[in-house]
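S.K.: Residues per chain are reported as follows:
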Amino acid sequence: MKLERRSFLKLSAAAVGAVSVGGAATLVSRAKAAPWYTQEVRQVFSICENCFWRCGIKASVVGNRVYKVEGYKENPKSRGMLCPRGQGAPAQTYDPDRLKKPLIRVEGSERGAGQYREATWEEALDYIAKKMLSLKEQYGPESIAFFGHGTGDGWFVDFLPAAWGSPNAAKPSVSLCTAPREVAAQYTFGRAIGGHEPIDWPNTRYIVLIGHHIGEDTHNTQLQDWSQARKNGAKLVVVDPRFSTAAAKADRWLPIKPGTDTALLLAWMHVLIAENLYDKAYVQKYTVGFEQLAAHVKPYTPEWAEKETEIPAQVIREVAREMARHKPKAVLPPTRHTVWYGNDTQRMRALYILNALLGNYGREGGFYIAMPPYLEKYPTPPLPLEPNAGGCSGPAKAESEPEGYKPRADKGKFLAKSTAIQELIEPMITGKPYPIQGLFAYGINLFHAIPNVPRTKEALSKLDLYVAIDVLPQEHVMWADVILPEATYLERYDDLVAVAHKTPFIELRMPAHEPLWDTKPGWWIAKELGKRLGLEQFFPWKDIEEYLDTRLQSVGLDLETMKQMGTMVQNGKPWLTDWEKENTLPFGTLSGKIELYSEALAKAGFDPLPVYEPPEAAPEGFYRLLYGRSPVHTFARTQNNPVLMEMEPSNSVWLNAEEAQRLGFKAGDYAYLVNQDGVREGPVRVKATQRIRKDAVYITHGFGHKAKGMSLANGRGASDSYLQTRYTLDPISGGAGLRNNYVKLEKAPAPRLKSVVQILKERRA
Amino acid sequence: MQLLGWVTAAAFAPPKAALEQDLLAGTLQAALDEMAKTYGLAPPKLPKTDLRALQIAHTSLFVSNPAGLPCPPYVGMALDERLFGLGFERLMALYRLAGLEVSPDWRDLPDHLAAVGEAIALLGEKPELARTLALEYLYPWLKRYAPVLQEADPTGFYSSIAVFLSKVLEEVNGETRAAQLP
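Protein sequence lines correspond, in order, to chains A and B.
Under my numbering, read the first sequence as residues 1 to 765, first letter to last.
Under my numbering, read the second sequence as residues 1001 to 1182, first letter to last.
Chain A stretches covered by chain B per the calculated footprint, using a threshold of three residues with CB under 8 Å from any CB of chain B: (1) 90-99; (2) 516-522; (3) 709-716.
Some chain A residues close to chain B (C-beta under 10 Å, calculated; not the full set): (4) 64; (5) 106; (6) 113; (7) 114; (8) 478; (9) 759; (10) 763.
Restricting the straight-line Cα-Cα distance to at most 20 Å, the calculated cross-link-like pairs of lysine to aspartate or glutamate (EDC-like) are: (11) A/666 - A/695; (12) A/68 - B/1089; (13) A/666 - A/746; (14) A/285 - A/578; (15) A/708 - B/1081; (16) A/235 - A/322; (17) B/1016 - A/126; (18) A/531 - A/126; (19) A/520 - B/1105; (20) B/1016 - A/518; (21) A/563 - A/545; (22) A/761 - B/1089; (23) A/761 - B/1081; (24) B/1016 - A/107; (25) A/329 - A/364; (26) A/708 - B/1151; (27) A/413 - A/423; (28) B/1016 - A/122; (29) A/413 - A/426; (30) B/1143 - A/762; (31) B/1037 - B/1175; (32) A/68 - A/95; (33) A/754 - B/1081.
Derived by calculation from the structure, the hints in this document are not laboratory data.
All C-beta atoms in this analysis are idealised placements derived from N, C-alpha and C, irrespective of residue type, glycine included.
Work the whole structure out from these sequences, hints included.
M.R.: Have a look at this one:
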């Protein structure tokens, strides 16, 4: 009898003939390991992935373990500091729940039933390629959609779909987040706002935040700068139906009726113009359409706005006058998540126009003009399509399709040129305007990002091919036909990150150690798949190091030098005066100026000036569902992270204290949230508080996971996304307005879950 | 102890052609029978299961399962309730002491059951060290997860082997304790 020899381990030469080690073995087995910092520690530059601020980090590494990460001073995103999310992020790499090996759904099993078998990478990639080529043959390349989110998404939503020939590539960060803000910025300034919001915080003297949850959507240096602004004496006004973290720091809190922000903005414009308080010289020099604007806002008095917003007219006047006193160092920063009620591009236009009246765009204490760093692409043959997934930088330029290629499946539903991810779900069900039969989901949580989860599930069940590339076994991942486990941010290179900024810069992510388990980096997956799809010509580089080195050569660097630097900073042109020295202006609009009145919108059949539309009323007995961020979690990505879950293990529902009393809820009671379509979430703890208006409730986004394979996240709190069964499409940006969802509260028992703290205590025992 | 190591490595590694060969040739069953004889136990009767069913079961028990992974196959999970804890560090120190290195082809953690099993087998000439590995690392995992496998294993293959190995190590543990008595 002889068993087949396995070979997972090998004996080193040193061990041959070694003396008996029995006694020593017992000692070793009971010894404590030496602290990591007494061992040989390597320092590796990388980029944090626990939110999308993308802070430059330095990782302290021993062997195959990162023990500590910190920011470094030379990186403009971290400046030597890191938030809790960044500090806790390495725990994800060592999460026992991680996806570890490629998996293929068992043939004949139902999608969503979760029956899988292990596969080799070759087998998994061959399987995908065969299916893709078959779908292309039958329906055309556009029948496969590509969704992605994260630093590595470029391979899967930009490069691969463009090489493959599908225009249906999308990111949630566009139509479920920034689309209205970016599209409005394009129509007003002819420039993007971009992922690093270009506010000159340290020099501003007066800040008005509208629905901007700074301090909750903690972006590292933004928070540093905002704190500095306050330290420097800047006044702060917070407009929010909820007494947010920022409101708690404010000089004034204006508890606005939800959905009436445009009314307030129009009234402020009215005061600035009626009382001659706007920056006349700036408006004359840099804008067009002032006369039309003045006529347009004339009826929107503070008294009119008071009826809409429930903010006293006198307060509206006072704030407008205070803004004017501090101009141009008074600013209303645009927030990121701007898909609220479906008329959001117009609201964002109103915000920008108001900023322009204060004369702050391109001037100190207002908006600086962010420039991307110079960096060449890797030279490849021209891609069949222009990458068009968009992202935080707004709509891409390409609109017409090359001959032989179909337009995006969402084209014609709205004006902007960017793709709306939620509008690509319907074609998967109806086959209209043409069938989408395949889907790649890279790093996006389909059920915690895209509204109307039942519709998404129906769409997934109809696909011929669904591939998930991820790190954790999230709900939607376990529906896939093929699951490809990606290496985490600490285990991989990604493409260079080029950040538009006051001082444009390029930052590098490099692996701190080899990928654990049988996981692979995204670039490798894309290249290997490309090879199998006959797209080798678009992946001419040998490996990622050659790719990065070639790109860095274009800015006079090489990869080895960049590995020692982490970040390369370039010069920018942040102020209008910098541009004027070169006899130019930064505005990319048709007129070359800031367009208060938009001729382009008028020509397209939309209001050329922002028009207020009252929000839809909540059904009787329901509260408007508001949602926001936690400073220690990011989206639905971090709820399995033990470090962060110890700090915040669940969300709670904020309910006005008087309403709580009326409904018989005490602080600490649990409730189910039931929406207008009967969808139930929770149980979730009730936070009875004076800090929210009576007509709305609030929960933080990202909780309420239903993936049992995520042992910490599963079943904790309530999901706002599952409750968002409706959305209102913004006809200009394609954004999905999510705040027209309503919930009522029903009493619920406390969940029977072991506390996170107890679980972690047991892990540490 | 060497045979116990090989059986552990053969049974808990990702099921591929080698396991299929062991099953077809009856070598795994024979190894179990021999161990049973040595320790005076009733041998388990391995169920007749094809490779595909074993692959599906192995994945759902040890790799990924939407309903929650019932048996993470790492001895550190039984020792520390987490990966890369103190138990893992100690195991690595033991490997180093024994001159064991992880093969570059092994795309899993070094405290995976199959790797620990192989380590026990490779240390045939260092029985005390092999016994330490078996009793202080493999046995806690089996004690904790053999009952879980009895509930969750759709094939009966993994559960019958885990329960049997657990009984063997109970015997070994008893012998070791008896030998240590004054």
